[in-house]
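A.B. asks: Chain by chain, the residues:
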Amino acid sequence: MKAFLHRVIPVVLGLVLCASAGASRRFDAATIERGRYLATASDCIACHTAHHNGAPMAGGLVMSSPVGDIVSTNITPSKRHGIGDYTEQQFADALRKGIRADGQPLYPAMPYVSYAALTDPDVHALYAYFMEGVPAVEKAAPHTSLPFPMNVRMSMKVWNALFLDPQPLARTEGRSAQWLRGRYLAEGAAHCSTCHTPRGALMQEKKELNMAGSQVGQWYAPNITPHPTAGIGSWSEAELAQYLRTGRLEGKSQAAGSMAEAITYSFSHLEQADLDAIAHYIKSLPPVDLGETGTPGAPRFGQGQAGHALGEVRGQGYAAGMAGPQLGAQVYSANCASCHGASGEGTRDGYYPSLFHNSATVGKTNLIAAILLGVDRKTADGHVFMPPFGDQPNALNRLSDKEVAALANYIGVKFGGGDASVKPEDIAVIRQGGPRSPLLTMARVGMAIGVLVLLALAFTIVRRRRGKVGA
Amino acid sequence: MTISKRRFLLGAATLSAAWVGWGAMPAWGFAAGTESNASFMQLSRLLVNHQLDDAVGARIAQTAPLLHPRWSEMTRAIIAIAIGRQAQAVEDFFEAIPEGPLRDYAHWVIFAWYSGCASPKKDAQVFTYEQALTYRVTGDAVAIPSYGFSGPNLWHRPITPLSPMPVF
Amino acid sequence: MPNLKSADVVIVGTGVVGVAIAEKLLDAGIGVLMLEAGPRVSRAEVVENFRNLPLARKGDPSSCYPPAPWAPHPMPSLETPEDAYLQLSGPDKYAQTFIRYAGGSTWHWAGTSWRLTPDDMRLRTKYGVGRDWAFGYDTLEPYYARVEHLLGICGPSDPGLQWPPVEQGTPRSRPYPMPPLPFGPGEQRFTEVAASLGYKNIPTSQARNSGMPYDDRPACCASNNCVPVCPVGAKYDAATALGRLESKGAVIQANAVAYRVEANAAGRIEAVHYLDQDKRSHRVAGKLFVLACNGIETPKLLLMSKDARHPNGLANSSDQVGRNMMDHPQLTMTLTLSEPYWAGVGPVVNSGIMETSQGDFRSEHAGAYLRFNNFARNRFVTFNALNKGLVGKALDAEIRRMTACTADVVLAHEVLPHADNRLTLSGKKDWLGLPKPAIHYDVGDYTRKSAQVYSVPLGKRIAQAMGATDMKIATKFAQSKHIMGGTIMGHDPRDSVVDPDCRAHDHDNLFLPGGGAMASTACGNSTITMVALGLKAADAIVRQMGRA
Numbered sequence: 025m026k027a028f029l030h031r032v033i034p035v036v037l038g039l040v041l042c043a044s045a046g047a048s049r050r051f052d053a054a055t056i057e058r059g060r061y062l063a064t065a066s067d068c069i070a071c072h073t074a075h076h077n078g079a080p081m082a083g084g085l086v087m088s089s090p091v092g093d094i095v096s097t098n099i100t101p102s103k104r105h106g107i108g109d110y111t112e113q114q115f116a117d118a119l120r121k122g123i124r125a126d127g128q129p130l131y132p133a134m135p136y137v138s139y140a141a142l143t144d145p146d147v148h149a150l151y152a153y154f155m156e157g158v159p160a161v162e163k164a165a166p167h168t169s170l171p172f173p174m175n176v177r178m179s180m181k182v183w184n185a186l187f188l189d190p191q192p193l194a195r196t197e198g199r200s201a202q203w204l205r206g207r208y209l210a211e212g213a214a215h216c217s218t219c220h221t222p223r224g225a226l227m228q229e230k231k232e233l234n235m236a237g238s239q240v241g242q243w244y245a246p247n248i249t250p251h252p253t254a255g256i257g258s259w260s261e262a263e264l265a266q267y268l269r270t271g272r273l274e275g276k277s278q279a280a281g282s283m284a285e286a287i288t289y290s291f292s293h294l295e296q297a298d299l300d301a302i303a304h305y306i307k308s309l310p311p312v313d314l315g316e317t318g319t320p321g322a323p324r325f326g327q328g329q330a331g332h333a334l335g336e337v338r339g340q341g342y343a344a345g346m347a348g349p350q351l352g353a354q355v356y357s358a359n360c361a362s363c364h365g366a367s368g369e370g371t372r373d374g375y376y377p378s379l380f381h382n383s384a385t386v387g388k389t390n391l392i393a394a395i396l397l398g399v400d401r402k403t404a405d406g407h408v409f410m411p412p413f414g415d416q417p418n419a420l421n422r423l424s425d426k427e428v429a430a431l432a433n434y435i436g437v438k439f440g441g442g443d444a445s446v447k448p449e450d451i452a453v454i455r456q457g458g459p460r461s462p463l464l465t466m467a468r469v470g471m472a473i474g475v476l477v478l479l480a481l482a483f484t485i486v487r488r489r490r491g492k493v494g495a
Numbered sequence: 128m129t130i131s132k133r134r135f136l137l138g139a140a141t142l143s144a145a146w147v148g149w150g151a152m153p154a155w156g157f158a159a160g161t162e163s164n165a166s167f168m169q170l171s172r173l174l175v176n177h178q179l180d181d182a183v184g185a186r187i188a189q190t191a192p193l194l195h196p197r198w199s200e201m202t203r204a205i206i207a208i209a210i211g212r213q214a215q216a217v218e219d220f221f222e223a224i225p226e227g228p229l230r231d232y233a234h235w236v237i238f239a240w241y242s243g244c245a246s247p248k249k250d251a252q253v254f255t256y257e258q259a260l261t262y263r264v265t266g267d268a269v270a271i272p273s274y275g276f277s278g279p280n281l282w283h284r285p286i287t288p289l290s291p292m293p294v295f
Numbered sequence: 068m069p070n071l072k073s074a075d076v077v078i079v080g081t082g083v084v085g086v087a088i089a090e091k092l093l094d095a096g097i098g099v100l101m102l103e104a105g106p107r108v109s110r111a112e113v114v115e116n117f118r119n120l121p122l123a124r125k126g127d128p129s130s131c132y133p134p135a136p137w138a139p140h141p142m143p144s145l146e147t148p149e150d151a152y153l154q155l156s157g158p159d160k161y162a163q164t165f166i167r168y169a170g171g172s173t174w175h176w177a178g179t180s181w182r183l184t185p186d187d188m189r190l191r192t193k194y195g196v197g198r199d200w201a202f203g204y205d206t207l208e209p210y211y212a213r214v215e216h217l218l219g220i221c222g223p224s225d226p227g228l229q230w231p232p233v234e235q236g237t238p239r240s241r242p243y244p245m246p247p248l249p250f251g252p253g254e255q256r257f258t259e260v261a262a263s264l265g266y267k268n269i270p271t272s273q274a275r276n277s278g279m280p281y282d283d284r285p286a287c288c289a290s291n292n293c294v295p296v297c298p299v300g301a302k303y304d305a306a307t308a309l310g311r312l313e314s315k316g317a318v319i320q321a322n323a324v325a326y327r328v329e330a331n332a333a334g335r336i337e338a339v340h341y342l343d344q345d346k347r348s349h350r351v352a353g354k355l356f357v358l359a360c361n362g363i364e365t366p367k368l369l370l371m372s373k374d375a376r377h378p379n380g381l382a383n384s385s386d387q388v389g390r391n392m393m394d395h396p397q398l399t400m401t402l403t404l405s406e407p408y409w410a411g412v413g414p415v416v417n418s419g420i421m422e423t424s425q426g427d428f429r430s431e432h433a434g435a436y437l438r439f440n441n442f443a444r445n446r447f448v449t450f451n452a453l454n455k456g457l458v459g460k461a462l463d464a465e466i467r468r469m470t471a472c473t474a475d476v477v478l479a480h481e482v483l484p485h486a487d488n489r490l491t492l493s494g495k496k497d498w499l500g501l502p503k504p505a506i507h508y509d510v511g512d513y514t515r516k517s518a519q520v521y522s523v524p525l526g527k528r529i530a531q532a533m534g535a536t537d538m539k540i541a542t543k544f545a546q547s548k549h550i551m552g553g554t555i556m557g558h559d560p561r562d563s564v565v566d567p568d569c570r571a572h573d574h575d576n577l578f579l580p581g582g583g584a585m586a587s588t589a590c591g592n593s594t595i596t597m598v599a600l601g602l603k604a605a606d607a608i609v610r611q612m613g614r615a
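Protein sequence lines correspond, in order, to chains G, P and R. Residue numbers for the first sequence, in the working numbering: 25 to 495. Residue numbers for the second sequence, in the working numbering: 128 to 295. Residue numbers for the third sequence, in the working numbering: 68 to 615.
It is worth saying that the hints were derived from the structure and are not from the lab. Take the hints with a grain of salt, since some may be wrong.
What the hints assert, rightly or not - Take a look, some chain P residues computed to stay more than 10 angstroms from chain R by CB distance:
1. 161
2. 164
3. 169
4. 172
5. 179
6. 182
7. 192
8. 206
9. 211
10. 213
11. 218
12. 249
13. 252
14. 269
15. 289
Stated by the list, open to error - Now the stretches of chain G that chain R is said to cover, found in silico as 3 or more residues with beta-carbon under 8 angstroms:
16. 335–342
17. 359–365
18. 410–422
It should be emphasised that the depicted structure is a prediction, and the values quoted were computed from it without experimental measurement. Beta carbons are placed, not taken as given, at the ideal position from N, Cα and C, and that holds for glycine.
Using the sequences and the accompanying hints, generate a full structural model.
C.D. replies: See the structure below:
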C-alpha cells in the first residue's frame, strides 16, 4: 500500500500542477502556431516593427503616406502599451472593422478592408498568437498625428461606411478549393490589393481595377493582373509562386522596397501549397491595362539589351565625365558597373541581375527608387543587398537629383527600352517620400469653403432677422 | 549675291566657335576621318583576329599619327602584304612584313588592342580598360579588376584548363 | 556641441583609428571634431581614377589617389627625386605610402587582419630581443574581438585554422561575425602544396563582408580590386564610416592640415592649429586631443610642435618620438609554374602561412609569413607577353599561360625597433611650407639573417613543391606600408612615448593611438592591432572625460 501511494501521489500532484498551469494559459499550442502562421501570411510584423532592431510587433515604424506620416502601434500583449487588455471581440473589430478598443477608428494604412475577409476561427487563432505567442514589450510607440483635418479620426467612420465591405469575398460557384484558398489569402491575409490596386480621390481601392498597379510611397506596386503586356500574363503559375518564395525571377524581375519586405517576412515562410494557391488565384483575375508604365503593347519583362558607352568616359578623367554631356554614362560606370557589368549584363552566374530583361528598368519610379534606396531582401537562399545612393549614412555614394536623373535616363534608354524622360524634379519627389496626395489640400480647401458658406448663411439669417425686427 | 555685314560677322563667329570647339574636344572624341578609320580597322582585324570595337579603334587611330607619322602609308602597306598573301589569319602574312618601322608599327597596333594603352610607360594614353584584349583572353577564369566576378562567396571553382581558349 | 572652433575632443586624422575612436566617444555622449588634412572624395571618383590609369600604373595603389597640394603623400610612380615627399636615407629605403584623404589608407588596404600572438608581445622575455609590450595578449584580446565586430572581420570557426594558433593557449572570447571567404583555385592549390610540406595555409582573417551584407554594406563579389579600392564597399575602409559618424553628431573638417599642437605652461594641450587650402591658419580648442594621422604624420606633427618649453617637440621627453620606425620588410618571389594556378579569383589577399612567424629561432633571426598573392595577373604579364614578338594564336596562348601560370609569393618579415631608424624633419618644405619628413632606415641584421638562412630557403622549397620552372626572388627588401613604432608604447617614460592606453607620458590629455604605439611588429599586417589600441585608448578617454 505504501509503495502504491508513493507511486500514485507524485503522479496526482503532477496532474494537479499541470492543470493549474494550464488554467493560466487560455490557448493550446496548436492554435497559437496556427495564429503565428496566419500572422506571417498577414505580414503584421512588416508594419508593426521598427526597422533597425525594433522589438517585434512593438510598433514605432513611421510610414510615409500621401497625407502624412503614420506610426504603427504596439500590438504586443503589453497591458500598458500594447493590446494586452483587448478582448477577442475588440481584437476582431480592430482587425476587420478598423475600430480600436476605445472606439476610435484606425487609418486604412492598417489594411482592415482586406482583413475583413478573415474567418472567425482564423481571427481566434490570431488572437491566441498575439496574446500568448508574442513577447510583451513594455514600451510605448509614438502617436500618429496627421495634419488637420486628417487627424480627426471620426471622419473615418464616414469613409468606412462608404468603402468598408464587411463581406469582401463575394459568394461564388464552381471554384476549386485551391482557387478559394488562393483568393482568401491574396485578398485577405496577404492584402495584395492594399498596394497593387489603384486608389480613387478619397484613397479608396478601385475594385474594378483590382491589382492593376499603384504608386505606394516611393515605390510602384506594378500591375499583377494576367494582362499579357501590361501585367504578368507572360508568367506561369509556377513562376509566380517561385517569385513569392524567393523574390527573384532571373531575366525578368526581382523584388525590392515593400515587396522585398513582404517576401522576407511573409511569403518566403508560407507553405508551397499556399503559394501555389495564391499564384493560381492571381492568374485568374481579370486582365487590366492602365496604360501607365513602359512601352504600350510590350511587356516589361523582355526589354532592352546589353550595351555600353565606355567610349564616352574612358581615358578622359572622372571630372570631365561628370561635367560633360554623358553624365549618365559616367555615373553608371562609376557607381553601378562593378556589380551590374560594364554592359549591364550582371555577373556570369546571374546573381547580380542584368539591367536589360529586367522590369526594374522599364518605367521610371522603381528604377529611381532602387537607385535611391537600394534593395534589401532576405530569404532562406541568402541576403540580397544593394546599397542605397541617396542621403543615407550608408549610401555608397550620395548622388544628386541631377545625377540620378541622368543615370535613370541612361539606364532606361540603354537597358529598359525606354526614353530619356526623367527629370531632377522626379527624383526629388521620390527622395522626399513619394507623391503627395491632393486630398489634404482638397480637404482643407473644402473645409474653408464650407466655413465660408456657413458664415455667409449665418450672415444672411442675421440680416433677415434684423430686417424683420426692424420692420 | 551680297551678304549683309551682320550675317557675315555671324557666320565668321560661328566658324570660329566651331574651330575652337574642334580644337577643345578630347583627343579621342573626334573621329579621325571615316576613311582612315575604316582602313585602320581593316588593318587591325588582319593583325588581331578577334571581334574589335570600332569606337576603340577610332581612339587608337587618333593616337597613331602622333607616334608613327607615316601611319597611313604603313597601314596601306601592311594591308597590301596581307592581301598579296591571301591571308585568312595574321600568321599567314606577319612574317612577310619587313623588319624595321613597318613591323614595329604592326606590333604597336597589336600592343594597343591587347593592353588598351599606347605604350608600357606610366604616362601612356589610355584607349580602353575593360575592352583591352588581355582580359578577353582570360575572361572565363579571372575577373577584370573592379568588376564583380560572382555572387557572394560563389567563386570557388576547379582550375580552369588553359585549353580551350575563349572565343572573342 | 562641437563646432569648427572647439570641441570636447579633437581628433586629427580620419583614418581607421581616428574613426573607430570617434564612434566610441560619440556613443558615450562626447562631442567630437575631426580634422582631416586631405579632401573628402567619393568612391565613384576613385574607382574611375583606377580604371582610367594606364596599365603600367595600375599596380601602384596610390595612383588613383592624386594628393591635394596642401596634403602631400608619397606618389612613388610619379615623383621625381626633386619633388619626392619622403626624404629617405640609409641602407634600406623606408619607401612607405599612405593616403591623406578622408578615410585614410584603408581606402587601399587589403583588409588583412592578423592578430598578434602572445609570443609576439614578449620578444624580450622570450627571445632576448626587441621590446616586450606593456601588457599581454589577454589584455588585448577583448579589444581584438570588438574590432572584429566593428569593422566586420571574417574568419574560420575551426580553432585549427585560426590565428593565433591553438598551441599558444588563446581561446577567442567571441566567434568571428562572418565565416571565411572561399579560396580561389590558385589558393586551393597552394594550400595543398603547403600541406604536402607540413605547413597550413589558413584563411586570412580579413575585414571583408563574407557571403552576406554587414555594417549596412554589401557582400564581396570578387572584383579582385581590394587594392587599390573596393568598388562596392564590401571591404571595410574608414570612408564608409564617415556618414554614420556625422549622423551621430561628429563634425568633420576636411582640407585642414594640422601643423602645430599647442601646449600650455603646465604641459596640457590646449589647441591644434591647422592650415586650410588657402594657407590660412585656424585654431581649434578642446579638452582632449587625439593624433591619429598614421605612423609618419603623427611623429612629424609632434616634432613640428616644438616650442620653448619643448625644444625636441611635444611628448618627447624620452627622445623617442620619430625613433624605432618599423614596418614589415618583404621579399617577393615571382614564380613561373608548370600548371595553371589562376591567381585573381576572390579577394587579393585571402590566405597565408603564419606558423612560420613563430618559433625559438626568433632569438637569432626574424620570423616570416608567407602569402600567395591573389591579384589577377594580367597587368603583371601583358607587357612581357607582348614583348616576345608573338602574334595571333601564339600571343593569346602566351598571355593566357602567363596569367594562369605565374604567381607572386610574398615573404613578410618582422623587424626590431632601433633608435636609429628615425624620422626627423628635413630641410625641404612642402606646398604649405611645412617640413617634409626625413627617414633613415636599416632593416637590421636580425631581419637580413632571416632572409639568408630561413625565409628565402623556405620560399624556395615551397616554390619547388609548387612546380616552379622559373623563380625570381627580390634581393632588396620592399616595404609593406605598415608604418609602426614612431611613438612607441612602454611603462617607462624615459624610453617610450605613450603609456598602455596610448596616452602621451608627457601630456595627460594627448593620445597617440595607432601603429606608432606598437612595441613589436610580428609579421602580420598591423591594422587590427592599431584599431584595438585605438579602442583601448577610447575606453581610457571615456573614463578620463567622465572624471573631468
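A.B. asks: Please name the hints from earlier in the document that this structure breaks, with their numbers sorted from lowest to highest.
C.D. replies: 11, 12, 13, 14, 15
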